[in-house]
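Quick note, the sequences are listed as chains A and B, same order. Final position of the first sequence in full-length UniProt numbering is 465; the numbers increase by one with none missing. Final position of the second sequence in full-length UniProt numbering is 465; the numbers increase by one with none missing.
Hints were generated in silico from the structure; no laboratory data involved. A quick note: this is a predicted structure, and the numbers were derived from the prediction, not measured. Heads up, some of the hints might be wrong.
Which copy? The list can't say, so a pair holds if one copy fits it or any two copies do.
[Stated by the list, open to error] The list that follows gives simulated cross-link-like pairs (lysine-lysine, BS3-like), each with its CA atoms no further than 27 Å apart:
id, residue 1, residue 2
1, Lys353, Lys264
2, Lys179, Lys132
3, Lys292, Lys173
4, Lys180, Lys195
5, Lys60, Lys204
6, Lys60, Lys179
7, Lys195, Lys179
8, Lys195, Lys299
9, Lys447, Lys146
10, Lys180, Lys146
11, Lys70, Lys134
12, Lys41, Lys179
13, Lys134, Lys173
14, Lys447, Lys350
15, Lys121, Lys264
16, Lys179, Lys299
17, Lys353, Lys180
18, Lys41, Lys146
19, Lys60, Lys264
20, Lys299, Lys132
21, Lys140, Lys353
22, Lys211, Lys134
23, Lys63, Lys180
24, Lys350, Lys292
25, Lys292, Lys179
26, Lys332, Lys180
27, Lys391, Lys60
This is what each chain is made of:
Number of protein chains: 2
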Amino acid sequence: MNRQQNILIIGAGLCGSLLALRLGQRGYNVTVYEMRPDLRKVDISAGRSINLAFSDRGIKAMKLVGIQEKVESLCIPMHGRMLHDLEGNTTLAPYSGRDHEYINSISRGQLNALLLDEAEKHENVTIHFNKKCKSVNFEKTTASFKNYETGNLFIEDADVIIATDGAGSAMRKSYYLGKKFLFSFSQDWLSHGYKELSILPDEKGSYKAYKNALHIWGREDFMLIALPNLDGSFTVTLFLSYDEGEYNFNNLTTKSRVLEFFEKYFKDALSLMPNLVDDFFNNPTSALGTVKCSPWHYKGNTLLMGDAAHAIVPFYGQGMNASFEDVVEFDKILEQGHSSWEAVFKNYEKNRKKDTDAIADLAIDNFYEMKGHVNHVNFREKRNLEMAFEKTFPNEYSSKYSLVTFNEDIGYREAMLRGRAQDKAILNMLADGTLNLEDNLKTNLAKVKYETENILEDDRIAGLN
Amino acid sequence: MNRQQNILIIGAGLCGSLLALRLGQRGYNVTVYEMRPDLRKVDISAGRSINLAFSDRGIKAMKLVGIQEKVESLCIPMHGRMLHDLEGNTTLAPYSGRDHEYINSISRGQLNALLLDEAEKHENVTIHFNKKCKSVNFEKTTASFKNYETGNLFIEDADVIIATDGAGSAMRKSYYLGKKFLFSFSQDWLSHGYKELSILPDEKGSYKAYKNALHIWGREDFMLIALPNLDGSFTVTLFLSYDEGEYNFNNLTTKSRVLEFFEKYFKDALSLMPNLVDDFFNNPTSALGTVKCSPWHYKGNTLLMGDAAHAIVPFYGQGMNASFEDVVEFDKILEQGHSSWEAVFKNYEKNRKKDTDAIADLAIDNFYEMKGHVNHVNFREKRNLEMAFEKTFPNEYSSKYSLVTFNEDIGYREAMLRGRAQDKAILNMLADGTLNLEDNLKTNLAKVKYETENILEDDRIAGLN
Numbered sequence: 001m002n003r004q005q006n007i008l009i010i011g012a013g014l015c016g017s018l019l020a021l022r023l024g025q026r027g028y029n030v031t032v033y034e035m036r037p038d039l040r041k042v043d044i045s046a047g048r049s050i051n052l053a054f055s056d057r058g059i060k061a062m063k064l065v066g067i068q069e070k071v072e073s074l075c076i077p078m079h080g081r082m083l084h085d086l087e088g089n090t091t092l093a094p095y096s097g098r099d100h101e102y103i104n105s106i107s108r109g110q111l112n113a114l115l116l117d118e119a120e121k122h123e124n125v126t127i128h129f130n131k132k133c134k135s136v137n138f139e140k141t142t143a144s145f146k147n148y149e150t151g152n153l154f155i156e157d158a159d160v161i162i163a164t165d166g167a168g169s170a171m172r173k174s175y176y177l178g179k180k181f182l183f184s185f186s187q188d189w190l191s192h193g194y195k196e197l198s199i200l201p202d203e204k205g206s207y208k209a210y211k212n213a214l215h216i217w218g219r220e221d222f223m224l225i226a227l228p229n230l231d232g233s234f235t236v237t238l239f240l241s242y243d244e245g246e247y248n249f250n251n252l253t254t255k256s257r258v259l260e261f262f263e264k265y266f267k268d269a270l271s272l273m274p275n276l277v278d279d280f281f282n283n284p285t286s287a288l289g290t291v292k293c294s295p296w297h298y299k300g301n302t303l304l305m306g307d308a309a310h311a312i313v314p315f316y317g318q319g320m321n322a323s324f325e326d327v328v329e330f331d332k333i334l335e336q337g338h339s340s341w342e343a344v345f346k347n348y349e350k351n352r353k354k355d356t357d358a359i360a361d362l363a364i365d366n367f368y369e370m371k372g373h374v375n376h377v378n379f380r381e382k383r384n385l386e387m388a389f390e391k392t393f394p395n396e397y398s399s400k401y402s403l404v405t406f407n408e409d410i411g412y413r414e415a416m417l418r419g420r421a422q423d424k425a426i427l428n429m430l431a432d433g434t435l436n437l438e439d440n441l442k443t444n445l446a447k448v449k450y451e452t453e454n455i456l457e458d459d460r461i462a463g464l465n
Numbered sequence: 001m002n003r004q005q006n007i008l009i010i011g012a013g014l015c016g017s018l019l020a021l022r023l024g025q026r027g028y029n030v031t032v033y034e035m036r037p038d039l040r041k042v043d044i045s046a047g048r049s050i051n052l053a054f055s056d057r058g059i060k061a062m063k064l065v066g067i068q069e070k071v072e073s074l075c076i077p078m079h080g081r082m083l084h085d086l087e088g089n090t091t092l093a094p095y096s097g098r099d100h101e102y103i104n105s106i107s108r109g110q111l112n113a114l115l116l117d118e119a120e121k122h123e124n125v126t127i128h129f130n131k132k133c134k135s136v137n138f139e140k141t142t143a144s145f146k147n148y149e150t151g152n153l154f155i156e157d158a159d160v161i162i163a164t165d166g167a168g169s170a171m172r173k174s175y176y177l178g179k180k181f182l183f184s185f186s187q188d189w190l191s192h193g194y195k196e197l198s199i200l201p202d203e204k205g206s207y208k209a210y211k212n213a214l215h216i217w218g219r220e221d222f223m224l225i226a227l228p229n230l231d232g233s234f235t236v237t238l239f240l241s242y243d244e245g246e247y248n249f250n251n252l253t254t255k256s257r258v259l260e261f262f263e264k265y266f267k268d269a270l271s272l273m274p275n276l277v278d279d280f281f282n283n284p285t286s287a288l289g290t291v292k293c294s295p296w297h298y299k300g301n302t303l304l305m306g307d308a309a310h311a312i313v314p315f316y317g318q319g320m321n322a323s324f325e326d327v328v329e330f331d332k333i334l335e336q337g338h339s340s341w342e343a344v345f346k347n348y349e350k351n352r353k354k355d356t357d358a359i360a361d362l363a364i365d366n367f368y369e370m371k372g373h374v375n376h377v378n379f380r381e382k383r384n385l386e387m388a389f390e391k392t393f394p395n396e397y398s399s400k401y402s403l404v405t406f407n408e409d410i411g412y413r414e415a416m417l418r419g420r421a422q423d424k425a426i427l428n429m430l431a432d433g434t435l436n437l438e439d440n441l442k443t444n445l446a447k448v449k450y451e452t453e454n455i456l457e458d459d460r461i462a463g464l465n
């Protein structure tokens, strides 16, 4: 555990580069191998600007490594969901009743570049690109790589290997295929895939739609969303079934059918996307999966972190935030001063896994919420009531969304249990008339809090949480 | 879909041989390949008599194929759990308040042999042994096998392939590794493994413990169970953590330590097992896993069934029953007369998967119930009340256990939802004093029913079931 130890990190994406930076700050000898070219030198996004939701758990990690202000300049605040109905009417549904609570749109590439720059400032951190990890020998603590520039294979040795190589992790595959220990593993695919499209800036370079919101066209069986980029464009994502329903990815095979689909369901968006058909046929359709596994570590030799340990669907905007939070939580365990890497890894997983399991489940819940529930009367009534609670009694109530997104000191699991209990309390009391939206707000808040505690207690007695 | 079609079944275990029998009865040309030798000719259990719990869902399947009476002669009724405490005191906790509801202990080998005999009576059914499936080409509907007698590899072609090759299914592996479609898959291991032991008959060939019960020594962190065999012996199974706690499989490495462990925790059982140490060191320690996956079928070519599609832990005594029920449910879909195998497979999975997912979860719940909860006061009070309901109002109440085990016309998922809601209602009303065990039983039943409906309705409104 001395700081001269050699730590090998596989993958220099968002999680790997933040981890390299933090371990570099702590004085370890850190070597990072990344399969892709250096994104600061080569445009690897092939013209697409992929953006992500960035919020308080991610910001907490930026504070830990001291680059919060640099990151802020990359952020576009989004204060709520801009809901677009079939007729093109829009409603802004805020994320919180507290004005200082909002999420941000941020460019994956720009943020990753910043993290790489910061990590490389430490002379004890070295990052190699174009080196693809093929497998990890977790008993010998070695990893084999292919050098994409020369085609050569080579093996690297280290005191510790941490794999942050994403949802398709080579090290996780070695755990699974190695069969040297009982490895629990799941991959779950949604019936829907996604495709990225774009709304380009207008001729003056300005945003064609309201900049400070996450736009949603929720149509029950499918949906379109849009997040702003700094250059005046929006990255648009279509979530659609592969093979079910009248329109699906498998049968949207002609220009006219794609236009017909958008004309019928996303007319206002279509008018902002003259480039739709080109985007649609140039960009890939990708799958949406959840990965869980355990154990994350093999003895004190190797550890999975970030998407390699827990890939989630994007609907809570928490994928990157959760991976950044991994680094914060890992750093906390390091700070406890355990005497072995095995103790560090064991404690880290024990503390952390319940939370990454929870955000995985919450993210799937939010898929159904975004594409459908946001349009339902009972859901809207619940949200209106919660916004009023948060606005009027800012220190006394946080919705499930707020607990997950803006309360970085509450774990995802606790946020899930409390948030779901609150939702259940409100939806049931609205349904049976116990809550009346015209009643005194303070009375209603007291009822919701009381009923929430009852629900949590009933589940506890039944052994359900 | 005509009956001259060739159906290839991989695996002649309990599910595969029942399926072969049923499809043989329906007139299909059925060929079965089994990796093991013919268990009617070779003793492949290596001296161990493995028995299983057999109950109403399994019996329904035997009725479907008309061999119910033959199977009955293999059954030993078990009317309840015989709970053994640390001091050796025993309590019989019945499975139901209705006398005609009980489970059975049955020999896996004898039942399998009967099913093979019955299947082979149909000249359109052929069963080959010692042929191990290596992989399945689900696009070409071919399977490759190794002949264990000659060492040769060969490929078989069929109109349809159904894999009933168990938890380690070769076809499921081909689905996973093939990456030709989005295959959701999970394997989850418990921290506990198991080891089979035995209580041999006494010198007169009689049972050394009460014959008609499932014996349980529940010790919170581990447990021992015993099921009777027709020859006067009991098959005993120890469930214990691999590496946690003072005693675990990894540290029970010497004769004296094993004896110390049994002396301390299973004294009365130890006195019946002079052969303990030999059994302990001769028999393997095996893992306990749950497997779920989807889709089960590839187009109309191939289908997974039984443990190959949904392996579960043994604690609800439903593994074999669930696999037999697969055949009943598959037969129902066949009876509907769909025009393609793809439609049959799709409808079968759509109807069935929710139920096999549910029994997988219920089986894990029961692990905790058996090793610990059965000893807790609140759990025992609940069970006593439920037994009284079932005895006094036999047509008005069924416990979760009864819904799962004795109500073969209710799906596992419905049994789970209703059973869990009942448990939650009773545990909470006992905790808050709403139910008093000395009150009028009819009043208490009415309260439980009312509260159960409330719980189900609250979950429904919150979108939780």
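Comparing the hints with the structure gives:
1. Lys353 x Lys264: neither (43 Å within a copy, 35 Å between copies)
2. Lys179 x Lys132: This pair counts as both: shortest intra-copy Cα distance 23 Å, inter-copy 20 Å.
3. Lys292 x Lys173: both (13 Å within a copy, 19 Å between copies)
4. Lys180 x Lys195: between (38 Å within a copy, 20 Å between copies)
5. Lys60 x Lys204: neither (36 Å within a copy, 73 Å between copies)
6. Lys60 x Lys179: neither (37 Å within a copy, 38 Å between copies)
7. Lys195 x Lys179: For Lys195 and Lys179, the Cα distance is within 27 Å only across copies (20 Å; inside one copy 36 Å).
8. Lys195 x Lys299: Between copies only: 25 Å across, 40 Å inside.
9. Lys447 x Lys146: Neither. Shortest intra-copy (61 Å) and inter-copy (67 Å) distances fail the 27 Å Cα cut-off.
10. Lys180 x Lys146: Both, since 24 Å and 25 Å are each at most 27 Å.
11. Lys70 x Lys134: neither (35 Å within a copy, 56 Å between copies)
12. Lys41 x Lys179: Neither: 40 Å inside a chain and 33 Å across chains, both beyond 27 Å.
13. Lys134 x Lys173: both (10 Å within a copy, 21 Å between copies)
14. Lys447 x Lys350: Neither way: Lys447 and Lys350 sit 35 Å apart in one copy and 41 Å across, limit 27 Å.
15. Lys121 x Lys264: Neither: 52 Å inside a chain and 60 Å across chains, both beyond 27 Å.
16. Lys179 x Lys299: within (15 Å within a copy, 31 Å between copies)
17. Lys353 x Lys180: So Lys353 and Lys180 pass the 27 Å test inside one copy only (21 Å; across, 31 Å).
18. Lys41 x Lys146: within (21 Å within a copy, 53 Å between copies)
19. Lys60 x Lys264: Answer is neither; intra-copy 42 Å and inter-copy 51 Å both fail.
20. Lys299 x Lys132: within (24 Å within a copy, 35 Å between copies)
21. Lys140 x Lys353: Intra 25 Å, inter 41 Å, cutoff 27 Å: intra-copy only.
22. Lys211 x Lys134: neither (42 Å within a copy, 56 Å between copies)
23. Lys63 x Lys180: neither (39 Å within a copy, 43 Å between copies)
24. Lys350 x Lys292: So Lys350 and Lys292 pass the 27 Å test inside a copy (14 Å) and across (24 Å) alike.
25. Lys292 x Lys179: both (17 Å within a copy, 19 Å between copies)
26. Lys332 x Lys180: Answer is neither; intra-copy 30 Å and inter-copy 42 Å both fail.
27. Lys391 x Lys60: within (24 Å within a copy, 59 Å between copies)
Hint violations for this structure: numbers 1, 5, 6, 9, 11, 12, 14, 15, 19, 22, 23 and 26, all remaining hints satisfied.
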